[in-house]
Amino acid sequence: MIGLQRFLDALHKHHVEFIVIGGIAARVHGSARITQDVDVVYGRSDENVARIVKALAPFKPFLRGAPPDLPFEWSVRTVKAGLNFTLRTTIGDIDILGEVTGGGRYEDLVAHTVTVDALGHPTFVVNLEWLIRLKRAAGRPRDLEAIAELELLQELGAKKS
Amino acid sequence: MTLRTSIPSLLREARNRGALSQRALADFAGTAQSVVGRIEAGLTSPTVETVSQLFEAAGFDLKMEIVPRQTVDPVIEAYKPGIDRTLLVENLRRSVDERLRINAEVQLFGNELRRAMRVAEGTP
Numbered sequence: 419m420i421g422l423q424r425f426l427d428a429l430h431k432h433h434v435e436f437i438v439i440g441g442i443a444a445r446v447h448g449s450a451r452i453t454q455d456v457d458v459v460y461g462r463s464d465e466n467v468a469r470i471v472k473a474l475a476p477f478k479p480f481l482r483g484a485p486p487d488l489p490f491e492w493s494v495r496t497v498k499a500g501l502n503f504t505l506r507t508t509i510g511d512i513d514i515l516g517e518v519t520g521g522g523r524y525e526d527l528v529a530h531t532v533t534v535d536a537l538g539h540p541t542f543v544v545n546l547e548w549l550i551r552l553k554r555a556a557g558r559p560r561d562l563e564a565i566a567e568l569e570l571l572q573e574l575g576a577k578k579s
Numbered sequence: 002m003t004l005r006t007s008i009p010s011l012l013r014e015a016r017n018r019g020a021l022s023q024r025a026l027a028d029f030a031g032t033a034q035s036v037v038g039r040i041e042a043g044l045t046s047p048t049v050e051t052v053s054q055l056f057e058a059a060g061f062d063l064k065m066e067i068v069p070r071q072t073v074d075p076v077i078e079a080y081k082p083g084i085d086r087t088l089l090v091e092n093l094r095r096s097v098d099e100r101l102r103i104n105a106e107v108q109l110f111g112n113e114l115r116r117a118m119r120v121a122e123g124t125p
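Going down the list, the protein sequences come from chains Y and V.
Residues in the first sequence are numbered consecutively from 419, following the numbering used here.
Residues in the second sequence are numbered consecutively from 2, following the numbering used here.
Warning: the hint list may mix true and false statements.
To be verified - Derived lysine-lysine pairs resembling DSS-like cross-links, with alpha carbons at most 30 Å apart:
no., chain 1, residue 1, chain 2, residue 2
1, Y, K472, Y, K431
2, Y, K478, Y, K498
3, Y, K577, V, K64
4, Y, K498, Y, K431
5, Y, K577, V, K81
6, Y, K478, Y, K431
Hints are computed from structural coordinates only; laboratory data are not their basis.
For clarity, every value in this text was computed on a predicted model and none was experimentally measured.
Please model the complete structure; the sequences and the hints are all you need to start from.
Quick look at the structure:
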């Protein structure tokens with residue numbers, strides 16, 4: 419389960435540059451599907467890496483699926499050395515992505531976001547059109563039904579406007 | 002919408018937003034009114050240079066980008082009839098916070114069911 423409120427509180431408190439994508443973004447756009455984790459694209463500047471490391475540190479991030487005895491240090495050095503991390507934390511599963519297939523990096527994707535007031539925070543969420551593109555680009559069979567639902571949401575939105 | 006089909010409507014929109022007649026736009030761009038008229042009617046395939054000049058004359062820059070071609074995926078289409086649209090309409094009526102809170106509540110319920118299942122099966 420994701421402690422989404424605590425997650426957003428922490429990221430905003432530390433002024434982290436991030437964009438919500440994945441299942442939570444789909445929920446924001448009206449999806450009826452339940453998601454178990456949160457995916458964000460984060461800025462890779464030195465300052466932002468330091469911010470996200472500090473923001474998530476209280477939640478004891480560890481590599482999801484890794485053996486418990488694997489040495490892993492949640493630090494600026496670790497995040498700078500890697501790019502995309504699938505993490506298990508005390509508030510749930512969190513994927514932080516320095517780059518996403520079909521969407522690029524934070525700087526590329528930020529132009530394709532909407533700002534929504536999510537749990538008390540103005541938050542960048544990838545827009546519906548680009549969420550569909552990202553899911554198509556990911557090419558995962560399990561996303562096919564999700565894409566179908568997102569396209570229906572797009573049609574419903576078009577009819578509304 | 003392809004570039005070929007979008008140019009006429011985009012040019013019309015740019016001209017209208019600039020409050021210009023076809024003749025005025027043509028004058029600003031140094032061309033003839035008939036050129037503007039034929040492009041807006043989709044009767045001609047203008048060069049990129051001509052299109053750029055017309056948009057600039059209307060006070061706009063025409064920005065192009067490449068995007069993955071949107072193809073109809075039969076697998077995705079096959080899923081659509083099975084999706085409950087009423088749930089989507091209902092969700093769209095909710096605020097973003099409500100949509101997120103419901104997600105959390107269903108997650109909690111799922112976790113509780115899994116915990117109860119483990120207890121029933123006697124597994125840790």
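Here is what the structure says about each hint:
Note on K472(Y) and K431(Y): the hinted pairing holds, with a Cα-Cα distance of about 10 Å set against a maximum of 30 Å. Proximity of K478(Y) to K498(Y) is assessed by CA-CA distance (about 18 Å); at most 30 Å being required, the pair is judged to hold. For the given pair, K577(Y) sits about 27 Å from K64(V) by alpha-carbon distance, which is consistent with the 30 Å threshold. A distance of roughly 21 Å separates the Cα atoms of K498(Y) and K431(Y); the hinted pair therefore holds under the 30 Å criterion.
Between K577(Y) and K81(V) the CA atoms are separated by roughly 17 Å; this keeps the pair inside 30 Å, and the hint holds. With a C-alpha separation of about 17 Å, the suggested pairing of K478(Y) with K431(Y) holds against the 30 Å cut-off.
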